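From first to last, the protein sequence lines stand for chains A and B.
Position in the first sequence counted from 1, then plus 1234, gives you this note's numbering.
Position in the second sequence counted from 1, then plus 34, gives you this note's numbering.
There could be a bad hint or two in this list.
[Claimed, not checked] With a cut-off of at most 20 Å between alpha-carbon atoms, the simulated EDC-like pairs for lysine to aspartate or glutamate come out as follows:
1) B:138 <-> B:128
2) A:1294 <-> A:1284
3) A:1294 <-> B:85
4) A:1526 <-> A:1456
5) B:117 <-> B:128
6) A:1286 <-> B:85
7) B:121 <-> B:131
8) B:121 <-> B:97
9) B:117 <-> A:1259
10) A:1294 <-> B:84
11) B:117 <-> B:85
12) A:1286 <-> A:1270
If you are wondering where the hints come from, they were derived from the structure by calculation, not from laboratory data.
Note that the structure is a prediction, hence the values are computed from the model and not measured.
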Amino acid sequence: MDAQVVIDSYINSVASRLPRRLRNDVGVELRTLLTEQLATAAAAAGRSPDEKLATDVVRKFGRPEEVAARYSPLGFQIIEPEHAPVFVKLSAACVAIQWALTLPAVFVSRMTFSQWWMSWGFGAFAWVGALVVWFGLVTWGRRRSLVDPESLAPRWWHFLLWLPLPADWRPVDREALKRIERRTELGAFPLGVAVTIFLIAPAWFLGLLTPAGTNTSWALYDEHFRRTLLPVLIVLMVVRLALCATAAMNAGLRARLEMIRYGLWVCFVGLLFWTVFGWHIFAIPAVDAGFKAWLLIYLLVNTIQIILWTYRALTQVRVPPTVA
Amino acid sequence: MVKANDNSATKLDTELRRGVVVLAVLSQLRTAQYGYSLRQALAERGMPIEEGTLYPLMRRLEEQGLLASEWRIADGPPRRYYKLSPKGSRVYAELTENWHTLVKTMNKLLD
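Next comes chain A alone, as it looks inside the complex (with noise of 0.2 Å):
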């Protein structure tokens, strides 16, 4: 082959990954270029150009598309990398929280795994997607500068469009916050006793708190329920008033006890989501259906609370006594 063919072809390969407007005119300087570059290599071999001293040349010039990418980049991002750590996170936990809502209904045997797995076990990727076409969007909004992102108003756009907040930045008294939370637990305290026990027995309950005679059978619980899963409840709710009642009233005791209440919690939660979506709690369908509705909220409001407390957790930089 001859070596301005090799050359020529190399040239081509370059131009027709380049901007149209950029295409021939850059064509035809890399082609003068390599080809003076060529004819100094062959003086230097001391002989003629030929095919493998051009295919050095433009070898060692680079791959056509890196060479390309050099002259204008070709590529753009979808997600900025600042964004990536949270996307990755965000992705995870949609498709973490999806799955253990819905996974529960495989182990009870009210669908088959395949089943779960081409509904809500694939099913839980769409939140990815999702999360692509909203990053997506954030990054073209911010390279098309819609919203300046050292403005402040409308606060809403920093949210949706993950826009830095810097010049209102202000302290968060964290542990402002703690005391708001135990002042607010001591105050539903005695709420969580009475809710504690009313669920015993609440059919019993409802019998002796309205006139003679009232039908109350609608709140017995489902018999298989009662006799397996609401005693476990029962006894993790007790505990866990226990150690709120010791945490409250022994401060040097509330920190080690933080993480077991924590744990307790944890479970605690899981444990309802599995008994909402695997288990009958009432006898009676409709207010079975009607109190798991309720309980979901209870839920939602718990699983934001884990997470914020576990981020919250997870980011604070705890000081070393001997520092502080």
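Since the structure of chain A is provided, determine the placement of chain B on it from the hints.
Below, chain B without anything else, positioned relative to chain A:
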């Protein structure tokens, strides 16, 4: 371990050089040059730059308005000559001043 250190040193050296490539190129384009002659001028002064890096860089600097170019036909094939544009001259002067300040600072730090 030694190999890893060597790699790190090479990478850091490349990073260091990458930072000054633009200034080196601008410095040699106060008079018009085409790609091959510029590469040789830089190599002769101890700053060899790969062709695959240099030629696209000249184009990018032109797109940024720092260089002006024109095709010239003299004794040989047509060649594209590049030279500092008025904006490029201003930027070059500014970068040169910054470079001298930086060198003084670095010398103080390294001594």
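Outcome of the hint check:
1. B:138 <-> B:128: holds (16 Å)
2. A:1294 <-> A:1284: This hinted pair holds, its Cα atoms lying about 16 Å apart.
3. A:1294 <-> B:85: Distance ~9 Å between residue 1294 of chain A and residue 85 of chain B Cα, so the pair holds.
4. A:1526 <-> A:1456: holds (13 Å)
5. B:117 <-> B:128: Holds, at about 17 Å.
6. A:1286 <-> B:85: holds (19 Å)
7. B:121 <-> B:131: holds (16 Å)
8. B:121 <-> B:97: holds (12 Å)
9. B:117 <-> A:1259: Holds. Residue 117 of chain B to residue 1259 of chain A sits at ~17 Å (cutoff 20 Å).
10. A:1294 <-> B:84: holds (9 Å)
11. B:117 <-> B:85: Roughly 18 Å between the alpha carbons, so the hint for residue 117 of chain B and residue 85 of chain B holds.
12. A:1286 <-> A:1270: OK: residue 1286 of chain A and residue 1270 of chain A at ~16 Å, within 20 Å.
Going down the numbered hints, you'll see the structure goes against none, and every one checks out.
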